[in-house]
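Trainee: Protein chains in written order, with the numbering used here: chain A, 1 to 261; chain B, 1 to 214; chain C, 1 to 217.
Accuracy of the hints is not assured; some may be wrong.
[Unchecked claim] As a list, the in silico DSS-like pairs of lysine-lysine whose alpha-carbon atoms are at most 30 Å apart: (1) A/Lys146 - A/Lys84; (2) A/Lys84 - B/Lys40; (3) A/Lys115 - A/Lys146; (4) A/Lys18 - A/Lys123; (5) A/Lys18 - A/Lys84; (6) A/Lys115 - A/Lys84; (7) A/Lys123 - B/Lys76; (8) C/Lys211 - B/Lys40; (9) A/Lys129 - A/Lys115.
[Unchecked claim] Chain B regions said to be covered by chain C (calculated; three or more residues, Cβ under 8 Å): (10) 108-118; (11) 152-164.
[Unchecked claim] Heads up, incomplete: computed chain B residues facing chain C, CB under 7 Å, no partners named: (12) Ala105; (13) Val177; (14) Val186.
Everything labelled a hint here was simulated from the structure, so no lab data went into it.
Quick reminder that beta carbons are idealized off the backbone N, C-alpha and C, glycines included.
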Amino acid sequence: MTLAQIADGQLAPRLGIKLDNISKRYGDHVVLDDVSLHVEPGTVTALIGPSGAGKSTFLRCINLLERPDSGTIQVAQHTIQPGKDVNSRDLAALRRTVGMVFQSFNLFPHMSALKNISFPQQKVLGRSKEEADERSMQLLERVGLKDKAHQHPSRCSGGQQQRIAIARALALNPGIMLFDEPTSALDPEVGLEVLAVMRELAADGMTMIVVTHEMQFARDVSDTLVVMADCRIIEQGDPRAIMSDPQETRTRRFLRAVLER
Amino acid sequence: MDALSAVLQGLPMTITLTLSAFAIGIVGAIPVAVGLSSPKLPIRLASRLFVDFVRGVPIIVWLFLLKFGIQIGTFKFNPVGAAIVGLGVVSVAYLAEIYRGGLQAVPRGQGEAADALGLTRGTAFYSIMVPQAFRIVSPSIATYLTGLLKDSSIASTIIVTEMVFQSQAFARQHPTVEGILPYILVGVIYIALSLPVAYISRRLDSRMRKAVYA
Amino acid sequence: MTWLAEWAAYLPQMMSGLGVSLLIAGVSIVAGYPLGLLLSLMVSTKNLAIRTLGLAVVEIGRGAPALVILYLFYYGLPKFGIAFESITAACLALIWNAAAYSSEIMRAGIQSVPRGQLEASSALGLAQHHTFFRVVLPQGMRSAIPGLMGVAIQMFQGTSLAYAIAVPELMKSAYNIGSQDFNYLQIFTLAGLCYAVISMPATWITVFFEKRMARHT
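Use the sequences and the hints to build the structure in full.
Mentor: And the structure:
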């Protein structure tokens, strides 16, 4: 079985997402300036760009961890306009549909790896403990951490913690996965185990949006490369095409800086 | 030793006062701490004023106010009642502040992860924030308990027969050099009583830190 | 309304009590903090005898209730022929208290100075006393400020215990007025307000300093 199948017990629904005219400012400081992005079901979108470009903020706007000032989010049959009041049912539906993996893992330190994955299933999906634990164990086995099930996160390496965090998000059977610099807090070598899990997930056909500094991953795995700078999307398209022949000078400058060091 | 047995006569009362007030504080501080962390400004402000006011008035004033100032119909506080309620209210304020600090010390990412997973506010608070906050603050709570133990001595001023009251009584009856003994003994007993709590707190401190944020 | 009128009538007498309270608090801080610094140095020294002595003074000052120390000075020592006036006994007890608490705070402050500062001083060839008094101490004291302000507030509140040895401070004034008219509720409420009016803003200032320093380091 694939990772995505284990998450659902069957094939996970492949959802797309449409983000239109997302803007966000803190006081006078603009962080997102009218950003639009359409993601097709089953594709991988890599978000790259210099720090401070607004990549992470944009990603966090997708599941409303940050509340945009205006714009529209369309996912599955839901349309959300975050500038206006969002009712709690829509918010709950959005968060259930969209899984997220953080740079700093954010595992719950007072729960075992197993409990970290099972607890949200019980609370959010109403699964029984047995049912939840069974899925959690399947997922843990699949990310290669079955033996860590009863350990607390503090006893796991960073790479292991991040794989547990991915399993935790997948357990809720999301149609889309967001990754916010999932390997930035890890040693390069350890990051590879996490990237391997992500590659597998992409191969299974999961819809993924990934903020990353891993250029090779972006080139090899993503279907669409999105370059952000100065609070906007400045270029998007086929990753190989952009990397070999960027159209924008800003993109060229950024790529030269990261690829030619 | 006469002095020692005189002082020890007050020990059960000292412990009763301390633990009763502590129990009131541990439970009563929960809603106040929630108020201190409330996103609603009026609630936050009211809780803040309550906490700062209670802490801004010395314990002895609270005890005298309750013991001598309160009379509702025929009801008046007896000394022990006034001491327990007074020390209890003060504990509520101090522990609420400790709880609030603990809640604030839980890393932001924890709340975000709970949100991203779609957990409800209530679940996030009681299952994710509170358990972690408790681990963070348990050493401070233990430290507060040793402070409360010492503060219970103030009850002697409203004639509660705890250890310091008994020491005083003995010293009055012994105008000789022996009369200094109960003060030294009672000091030693307080320090001795604090030691196990301090020890446990230090152990908790290192263990919790390891368990949570190693 | 009647409360306000009565409070206005009592206030002058209360103010003289408050003056005594502030005096005792002031003395305990002015004398207690330098002693606290001395104690913190004693506790940090390598000499076992000095360290043990320092530790004993600190641990008794923090571990025994202030009331017990107060009684020890006022009722205990006279039995050896060493007698103090009540206000002197109150000052001595609170000085001990202030010294013990502040020494721990200053020690923590000094320890929080990064090792790199010592290494840099050594590398520059600064003498040991220069390193300590000009480099380490100023930085350590700076981070100890909020804690020391907290101790000052604690000392001010602690002066209320001097009531127990009949020092004519704020609490004692309140009690005297109360036992004339038996209007304890009004008078102790007023006393509480007098303490709170000083303690609360002092606490807010302390928190302000704490936050500012947290931001700057």
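Trainee: Now tell me if each hint is right for this structure.
Mentor: To see whether the hints hold, each was checked on the structure:
no.: 1; hint: A/Lys146 - A/Lys84; in the structure: violated, 44 Å
no.: 2; hint: A/Lys84 - B/Lys40; in the structure: holds, 20 Å
no.: 3; hint: A/Lys115 - A/Lys146; in the structure: holds, 13 Å
no.: 4; hint: A/Lys18 - A/Lys123; in the structure: holds, 28 Å
no.: 5; hint: A/Lys18 - A/Lys84; in the structure: holds, 18 Å
no.: 6; hint: A/Lys115 - A/Lys84; in the structure: violated, 36 Å
no.: 7; hint: A/Lys123 - B/Lys76; in the structure: violated, 49 Å
no.: 8; hint: C/Lys211 - B/Lys40; in the structure: holds, 22 Å
no.: 9; hint: A/Lys129 - A/Lys115; in the structure: holds, 10 Å
no.: 10; hint: 108-118; in the structure: violated (count 0)
no.: 11; hint: 152-164; in the structure: holds (count 5)
no.: 12; hint: Ala105; in the structure: violated, 12 Å
no.: 13; hint: Val177; in the structure: holds, 5 Å
no.: 14; hint: Val186; in the structure: holds, 6 Å
Figure legend: structure checked against the earlier numbered hints; hints not met, in rising order: 1, 6, 7, 10 and 12.
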